[in-house]
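Protein chains in written order, with my numbering: chain A, 11 to 162; chain B, 11 to 162; chain C, 11 to 162; chain D, 11 to 162.
Because the hints were derived from the structure by calculation, they are not lab data. None of the values given here were measured: they were computed from a predicted structure. Misleading hints may appear alongside valid ones.
[Stated by the list, open to error] Using 30 Å as the maximum straight-line C-alpha spacing, the simulated DSSO-like pairs for lysine-lysine come out as follows:
no.: 1; chain 1: C; residue 1: Lys111; chain 2: C; residue 2: Lys136
no.: 2; chain 1: A; residue 1: Lys120; chain 2: D; residue 2: Lys120
no.: 3; chain 1: D; residue 1: Lys120; chain 2: B; residue 2: Lys120
Here is what each chain is made of, one letter per residue.
Number of protein chains: 4
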Amino acid sequence: MIRFEPVDPDFATRIRDSFARQGAMGHLGARMTRVEPGEVELELAYRPELTQQHGFFHGGVTGAIADTAGGYAAFTLIPADATMLTVEYKINLIAPADGEKLIATGRVLKPGRTLTICEMEVAAVKGGASTVCARGMQTLIRLEGRPDRPAG
Amino acid sequence: MIRFEPVDPDFATRIRDSFARQGAMGHLGARMTRVEPGEVELELAYRPELTQQHGFFHGGVTGAIADTAGGYAAFTLIPADATMLTVEYKINLIAPADGEKLIATGRVLKPGRTLTICEMEVAAVKGGASTVCARGMQTLIRLEGRPDRPAG
Amino acid sequence: MIRFEPVDPDFATRIRDSFARQGAMGHLGARMTRVEPGEVELELAYRPELTQQHGFFHGGVTGAIADTAGGYAAFTLIPADATMLTVEYKINLIAPADGEKLIATGRVLKPGRTLTICEMEVAAVKGGASTVCARGMQTLIRLEGRPDRPAG
Amino acid sequence: MIRFEPVDPDFATRIRDSFARQGAMGHLGARMTRVEPGEVELELAYRPELTQQHGFFHGGVTGAIADTAGGYAAFTLIPADATMLTVEYKINLIAPADGEKLIATGRVLKPGRTLTICEMEVAAVKGGASTVCARGMQTLIRLEGRPDRPAG
Numbered sequence: 011m012i013r014f015e016p017v018d019p020d021f022a023t024r025i026r027d028s029f030a031r032q033g034a035m036g037h038l039g040a041r042m043t044r045v046e047p048g049e050v051e052l053e054l055a056y057r058p059e060l061t062q063q064h065g066f067f068h069g070g071v072t073g074a075i076a077d078t079a080g081g082y083a084a085f086t087l088i089p090a091d092a093t094m095l096t097v098e099y100k101i102n103l104i105a106p107a108d109g110e111k112l113i114a115t116g117r118v119l120k121p122g123r124t125l126t127i128c129e130m131e132v133a134a135v136k137g138g139a140s141t142v143c144a145r146g147m148q149t150l151i152r153l154e155g156r157p158d159r160p161a162g
Numbered sequence: 011m012i013r014f015e016p017v018d019p020d021f022a023t024r025i026r027d028s029f030a031r032q033g034a035m036g037h038l039g040a041r042m043t044r045v046e047p048g049e050v051e052l053e054l055a056y057r058p059e060l061t062q063q064h065g066f067f068h069g070g071v072t073g074a075i076a077d078t079a080g081g082y083a084a085f086t087l088i089p090a091d092a093t094m095l096t097v098e099y100k101i102n103l104i105a106p107a108d109g110e111k112l113i114a115t116g117r118v119l120k121p122g123r124t125l126t127i128c129e130m131e132v133a134a135v136k137g138g139a140s141t142v143c144a145r146g147m148q149t150l151i152r153l154e155g156r157p158d159r160p161a162g
Numbered sequence: 011m012i013r014f015e016p017v018d019p020d021f022a023t024r025i026r027d028s029f030a031r032q033g034a035m036g037h038l039g040a041r042m043t044r045v046e047p048g049e050v051e052l053e054l055a056y057r058p059e060l061t062q063q064h065g066f067f068h069g070g071v072t073g074a075i076a077d078t079a080g081g082y083a084a085f086t087l088i089p090a091d092a093t094m095l096t097v098e099y100k101i102n103l104i105a106p107a108d109g110e111k112l113i114a115t116g117r118v119l120k121p122g123r124t125l126t127i128c129e130m131e132v133a134a135v136k137g138g139a140s141t142v143c144a145r146g147m148q149t150l151i152r153l154e155g156r157p158d159r160p161a162g
Numbered sequence: 011m012i013r014f015e016p017v018d019p020d021f022a023t024r025i026r027d028s029f030a031r032q033g034a035m036g037h038l039g040a041r042m043t044r045v046e047p048g049e050v051e052l053e054l055a056y057r058p059e060l061t062q063q064h065g066f067f068h069g070g071v072t073g074a075i076a077d078t079a080g081g082y083a084a085f086t087l088i089p090a091d092a093t094m095l096t097v098e099y100k101i102n103l104i105a106p107a108d109g110e111k112l113i114a115t116g117r118v119l120k121p122g123r124t125l126t127i128c129e130m131e132v133a134a135v136k137g138g139a140s141t142v143c144a145r146g147m148q149t150l151i152r153l154e155g156r157p158d159r160p161a162g
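Excised from the complex, chain A in its bound form (with noise of 0.2 Å):
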């Protein structure tokens, strides 16, 4: 396991926030569940608004919350002054997305000035045992001198 060592201090309030500001992860109900140094947690509460015809968690849903955690635990790493896009990410649905919620993962593999890459896992809880539903792969960019939060 890598340690990674943050630049900002201050990143876990810096990405608390920017989450906050997610519209769509508000939308959709997903919590920030956990903050360190190259991994971000995410989990979402099982709604019948979050399903795909057959009453399991959407798979686009799934990738969202997986990019978005993967998206965070890349931005654990950068300046403060600095934001982070995904360029494009790849997930595999490996198992019916069926439990009571998602815990979505994203951990960097390797960071970078420019370029981050991280790896993403989705895991459906159900009745207390886990299994795993989704893993991804994630390519982001890092846009310096920008903010995430613009000054305001």
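Here the structure of chain A is known, so what remains is to put chains B, C and D in place on it, guided by the hints.
Leaving out everything else, chains B, C and D in the frame of chain A:
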């Protein structure tokens, strides 16, 4: 341009019915605006509930409608007693998803008895101008003898 | 079809020179058969040295020429004092790569100052008939002030 | 770490035999250095015949051995009368592949009756130090009743 021949003449009805049962698409506000053999189009009007922290459409939302458009494009070509699941999708976010609405188009590249491959394009429409903001690819698997809507 | 305008009028010469310095492409036996703004085509004749265990072209070889075709497609649009590196590529092997030769085409989907996105298609030609055997996407990064061929 | 149980006790022999029939791996010079249930390792010594234009290992070559390592990792877990084909793979080239050799490791993330998902890592070894230069994911499909080596 490849012309595909649907095996189920009622494919459009079956697909619109399946889409209507996707709680997640209803919650996001996506509408199915076109259903043709091998091609499906969705539209998603802008709302603050769909944004990332800078006010654009969230990349995870863009990915979710791309996944859905591709999935239903594949769905147009299968028998009435089968269903389709996404195996994996990959999406490149190539421009800010900035506009009054997104239009996601899914197209079958290669239909198959077991696996089908699709490509997806998402455009952001702003003041009448359309800009491609995402491109993707997707692999789906057909489940035979498993109608999308269970009898009941 | 997008028309791209190259910034370096001598792009084709620069690209053929770079390709000729790729030991791996020479070892596989790939030839560069077309170089246009935003589009490059490679051909690879069948040899037992290029096969997987069932005698078809190896998927890794198919991926390698797709990566190269996409990379040089991106290369056609950059200044003479820059170079291009592949960030990531994804390839779907959609039919057996069975034929006398493969033709790999790389096309720029979205050129950018930093990142460029390409799509790739590989066709297997057998007895005069061409079958698409792979489709892919690729992300590349431009390195400025780093000519592809070092002075010397 | 998941422990996998092979269904064919002779899986290692079967895999080494299949690998030996891959003309492409012989032509590149790859060796199979480890075969365990759900995990396979390949090594590839540096040669000018494997390079891109700057003298590093070619990204397509890196991808080819990653694809092969992942494919055979999946192969360790299937019955003797089945074979495995790559459906798709995605690889991020995260550092220059600069070294005396590459070590590619493929690991099964999720084995399945039809589809298996693997992850791949490629490290470049230079002067005794190992640097991860690529990470990837792969989807494979199992073909039943189709032994990898035809009788005859």
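Hint by hint, here is what the structure shows:
1. C:Lys111 / C:Lys136: holds (7 Å)
2. A:Lys120 / D:Lys120: holds (23 Å)
3. D:Lys120 / B:Lys120: Holds, because 25 Å separates the two Cα atoms, which is no more than 30 Å.
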